[in-house]
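Enquirer: Below are the chains, spelled out letter by letter.
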Amino acid sequence: MPERVEVTISVNGRKHRRQVEPRMHLADFLRHELGLTGTHIGCEQGVCGNCTVLVDGQAVKSCLMFAAQADGQRVTTVESLAEEELHPLQQAFKDAHALQCGYCTPGFLMAAAAIAAEGRRPSREELREELSGVICRCTGYENILIAVERYLEDRGEVEAVGG
Amino acid sequence: MKSAPFTYVRPASVEEALHVLDEQAGAARILAGGQSLVPMLQMRLMQLDALVDINRLPGLDEVRAAGAETIFGPLVRYATIERLPLVAERLPLLQCVMRFVGDPQIRNRGTIGGSLAQADPTGEVPLSCLALDATIVAASVSGTREILIDDFLVSSYTTALEPGEMITEIRFPLAPHHFAFLERNRKHNDFAVVNVAVVGRRGSDGGWSDLRIALGGVSDRVVLAVESAALLEGTTLEEDAIAQAAQLALDVIDPPTDVRGTAEYRRHLVPVYVRRALSKLRDDHEPFDA
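From first to last, the protein sequence lines are chains A and B. Quick note, the first sequence lines up with residues 9 to 171 if you use my numbering. Quick note, the second sequence lines up with residues 159 to 448 if you use my numbering.
Pulled out of the complex, with its shape left as it was, chain B reads as follows (with noise of 0.2 Å):
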């Protein structure tokens, strides 16, 4: 099991890692922490010309909080995300899924840029960026744009990222408070059969707004149930409401059948876990959100 053989390329900045990318058209890599695409290379699922190695560049492995905005730096390791005070602060949905993603040694390198340029289906990173409504700042030789998450996962391990482009930047908005996570594995550290984010604001009067359901596991990426969110705009999260919402997201779900479980099974999961993941949303005794 090695990889093919590929050039090793270790820049001393970010214009000479896009002037990289740009020059092999599509044969190049970015190399992060490596925890899927080392693997990939290595069962050959994938043969690169180069690997361009960002580890050592300086700046991107920063979290700062600008204003009501968070700005991840691509190279942000998840033993990083799982300690930093300023994301269980910030952004606690991020830091809770974080204990899911692989174990120790993984979380030690994994990143968050490569896990979203991993683009997994079933991934916690995915996941957790969807629900709290991420931007994706990608960079290539020609400048910079700003990519909606939402539009950024395109498919199974595809994102929008065009050949030349590199992730420079991940920002979060503003994050409600309040936040839930469910999983349902096969085994400890396996990956998800299925898995459920919500976040969501609860005023003073008890009624909650910015509700954003987001489910994997259950399609060819991580997907949003956004009639279900939109139907409990407004109420208490009553049972008879969840229940109904629960429901609903059966409607944005298109499940594979694999070997963690059937299409079948995870069409019986989905409305379990919704369900359990808003009342556990409801049931948080933090404060209500200012």
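Isolated chain A (complex conformation) (with noise of 0.2 Å):
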């Protein structure tokens, strides 16, 4: 029997209790524990980002991060946005044709949803940068970007996303 250690880690406003392998990412635990199969697994090496989730409110890339080191954290995924609608971001990247094959969306979702818990406008060329860690082989970012700068512009009285 592999050892393990217990666990407790808040997702998305519910606390779950687990016993892992020390060598269990959270990107594993999200989708394998718990089912949440929103948060995508591209390169399990830190680049693609597909995995981004975000922690105690900051965004990180689920692969690189231990479940173990989140016990007693708050994470926050994909699965946190849309309730019986689309999430207004959902619907921002669903207009501007911000997808095609949708494998990265999770992704640039819980990113662009950084920005948008800290209250942060940039600017076309500082988010381009601040989307930068995640990697889409489809759209060529460009409508990415429309999407999450027209998301930030109309957010107005709409509730910051974070579990």
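Some clues are possibly wrong.
Only part of the chain B face toward chain A is listed, based on derived beta-carbon distances under 10 Å [stated by the list, open to error]: (1) 160; (2) 165; (3) 168; (4) 189; (5) 191; (6) 197; (7) 261; (8) 263; (9) 264; (10) 267.
These are computed hints drawn from the structure, not numbers from a lab. A virtual CB, placed ideally from N, CA and C, is assigned to each residue, including glycine.
Hey, can you piece these two chains together into the complex? The hints should help.
Expert: If you want it as structure tokens, here you go:
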């Protein structure tokens, strides 16, 4: 029996207690232990950013953090966004054709959610840099930038994302 | 791509962390930001018996001014360095290079201590720490010692840290106000093909002193172009002197050929980038140093 550690991690506002192997990374924890498969795994080496989630409000790559490290912390995943209807950020992606295959979209949504949660309104060039940690192979990025910009502009009273 | 099994230790104090490192005798590593260590574990480039997670230890993520010195805990994250006014004011080079380290997610996690322990020969953090003449404080169960950055960085991914040691502080002396940093990448956010960091002090007469020129990506570690800097001491960084110093920088490099570029290409880039960095330093419109 491999060694296990107990973790209690709050994910999208719900606490989950599990026994996990220390080597299990947070992305696998979300997907395999909790069945939250919205967090996608592309490269598993911190390059593609598709597995981006928020940990205590900060965007991180969940493949580069062990679940044991997130013990006691608040994790927010893409599943926190939509309820009955698409979240305005997701709607902005849909409206701007900011996704094609959609594999990277959870990563972009969470990277954008972190910017929104901090109340920032970066310029186009700053936004390009802010989102540079997620790789998309379909869209050419322009529509993603447009979607995030529109969302940040129109956000108004929309509640900031965060668990 | 999963790491081999290891024991996860979350010590309650630095002392406890040092005891674990001592007991494990080289089979354990400190886990700070993990942005290089975790991929290495998952690619099985490294296997460890234990990881010692220092992320919860209090006080290790602070930056403080102590007279002329600026002292960093090992856990200060890149994102903090990027935003902290104290760093902008005292070590503008260090703040400037952060934008070139990884991407925002990486910068939210990665730490200054972790980057130094990783000792990437293209790393912007080792490069700027070398330009800024940092001192590394390392602790083990038998005490602490100070290591000059030039002695600390031994070779590719190799430092002077003993298996039982961890970095507890990074100390910077008063830095010259003027700096320039240039980097050549194949693509945005990629590891550097070549990077250059220069710092210096400009006197009220326009003469330059305390110049340091650090080069990355051109050897098995980041290196100082000592002779090039010496040549420029007291000058006004006129074109001829810069050109000569830039050429002289070739003496300290031993560039690799790898997926990012050939040794020949790097030899071509070094004088060009040193010249550009020194011109940028000179043409910077900041007032002279007091």
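Enquirer: A separate judgement is required for each hint: does it hold in the structure or not?
Expert: Evaluated hints:
no.	hint	result
1	160	6 Å, holds
2	165	6 Å, holds
3	168	8 Å, holds
4	189	8 Å, holds
5	191	9 Å, holds
6	197	4 Å, holds
7	261	3 Å, holds
8	263	4 Å, holds
9	264	7 Å, holds
10	267	6 Å, holds
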